[in-house]
Every structure is written in C-alpha cells, then in structure tokens.
Amino acid sequence: MILGAILAIWVSNLVAAVVSMGIVGFGLALCFLFLEAPDLAIVQIVVEILSLVIILAAIMKTTPEDTKEARGPLRMTMYIGGAVFFIIFLVSFIRICGLLPEFGSPVLRMAGDYIGSGLQKTGAPNLVAAIILNFRGYDTLGEATVLFAAVVGLIVVLRKVGRKR
Amino acid sequence: MIYILPIILFLIALFGIVVKRNLIKIIISISIMEYAIFLFFALIGYRVEGVPPIEVEGVRYVKFVDPLPQALVLTAIVIGLATTALLVAIAVRIYQKYGTFDIEKMRKLKG
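For the protein sequence lines, the chains are A and B, in the order given.
In this text, residue positions in the first sequence follow numbering that gives the first Met the number 0: the first is 0, and each later residue adds one.
In this text, residue positions in the second sequence follow numbering that gives the first Met the number 0: the first is 0, and each later residue adds one.
A portion of the hints provided could be inaccurate.
[Said to hold, decoys possible] Below, a list of computed lysine-lysine pairs in the DSBU-like style, where the Cα atoms sit at most 35 Å apart:
| # | chain 1 | residue 1 | chain 2 | residue 2 |
| --- | --- | --- | --- | --- |
| 1 | A | K60 | B | K96 |
| 2 | A | K120 | B | K62 |
| 3 | A | K159 | B | K96 |
| 4 | A | K159 | A | K60 |
| 5 | B | K104 | A | K159 |
| 6 | B | K104 | A | K60 |
Hints were generated in silico from the structure; no laboratory data involved.
With these hints in hand, go ahead and build the complete structure from the sequences.
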C-alpha cells in the first residue's frame, strides 16, 4: 500500500495515478478483512470503485497529463517544506506512540458495554449495525446531512444553466 | 509499533499535497490521507484472536474485536466518497474555466 501511494504521487500520467490509488484502496479493503472487519471491507470496495469511476470520468472529460513541476528555487522550497512536514510529524508521532494502548488489546471502555448487552438492547446480531443505527443514531443522521449537502453542492457546481447576465 | 505504517502512508499523502501542483493529484492525495486514517482506526480496534463482532445464536461471549471504531470508519468512508465527488466536480469546473489543472497558472490567469 505504501508503494502504491508513492507511485500515485510520483507517476506523471493522471490515469496511472488513479490506478495506483486503486491499489491503495483495495489493499485497504484487504487489510480490513485481515483485521476482522468484513462490513468495512464490503463498503470500502464499493466506495473505492465509485470514486475511481468518478475521478476517471473527470480525467476523460479534461486532460490526462500531469502539470510540469516548478523550476528553480520554488521547487527547492516546496520539497524542503514537504520534507520538514514529514520529519516533524514522524518524530512527534514516534514520541506519542508509547501512550497508545498495545496493539491487539484495545481499551474497551464503551465498547465493552456494547458487546455485553448489544444483543439484548437492540436485537441486532451485527454489533456494528447496532452501534450505527441504534446507539449512535444521531451520528448517522449527521452523516446523512453531510451527504445531502455534498449532493446539493455537486448539483449547484455542475449545473448547465447559469444565472442570466 | 505497527501504528507507524498508517502514519507513514498519511505522511506520504501530506507530502503529495504540499509538493504537487496538479488539482487531481491533490485530490488523490487527500483520498489516500483518508485511507490512512481508516487503517489507523481499524488497527486500534483490533484484538488478538478476535472475531468479527457478529453474534451467532448459541455461541455465548466469544472474543469480539472492538465494534466502535468500525462503526465510526463505516460512517467516514461514505462521507469520504461524497467529499471526493464534490472536490472532483469543483476541479472539473475550474478546468472548464481556466483550461488547466495547474494551480500556479490559475493564479497568473487571474491577473
């Protein structure tokens, strides 16, 4: 997946970049399967296909060529800035890595309750669905709101008929 | 220390956002950043020898993985799709107006 990400950033053809992004996305779906999250894997595959199709359609409508890199000092500044970001985040994350719970034994403060009494309280055998639709239903309502806002924005941006001038 | 892998993925995408000047490349980098965060959440919820959090009739208390991060990520994946679609739509509109994806040229054309 990391190789796919590097490829997606470096390759100079946009279609190849989208295919590399597909490598990352489907690798992520595979990781979800190995991490015992089948719901996530299913949703990730569907969403990955949809987003690849959307970006490919946009590229087909426009141009598949990458833009030229900047020349001279501007380019140096950009790369140095990127490297500084990279190093600062990496070092700070390594420092806080010790505070996280050990891999493989998460803190089950809330989820222990959900696991213990989820079936009796909601009647749903799938605990992920129980949490999404029952314990945290307002989250899902907010998600639907965001989706609605995004679709409205899409329609507004892409409509053919403009305002009369 | 396995948490370092999604962070490296995140940082590569961040590098791409900072360095690249093509709008589509920036959108792809943002998507990869989202994937890194999803992977991090799924890693946090994992338990050794866990099973997917689906109750089977007759089997009482087997060791489930944490269902809470999975629920959050499930919400975030769908929102990520909507955000990507909106970004791509805006990028296509910009291309129709300026004829380029290069953010540098766009600034020059504005005059």
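Hints, one by one, checked against the model:
1. Only pairs whose Cα atoms come within 35 Å are accepted, and K60 of chain A paired with K96 of chain B is accepted, the gap being roughly 13 Å.
2. For a cut-off of 35 Å, the pair hint linking K120 of chain A to K62 of chain B stands: about 19 Å separates their Cα positions.
3. A hinted pair counts as satisfied when its Cα atoms are at most 35 Å apart, and K159 of chain A with K96 of chain B qualifies at roughly 13 Å.
4. With a C-alpha separation of about 15 Å, the suggested pairing of K159 of chain A with K60 of chain A holds against the 35 Å cut-off.
5. For the proposed pair K104 of chain B and K159 of chain A, the alpha carbon gap of about 25 Å is at most 35 Å, so the pair holds.
6. Restraint check: the Cα-Cα separation between K104 of chain B and K60 of chain A comes to about 20 Å, which is no more than 35 Å; the hinted pair holds.
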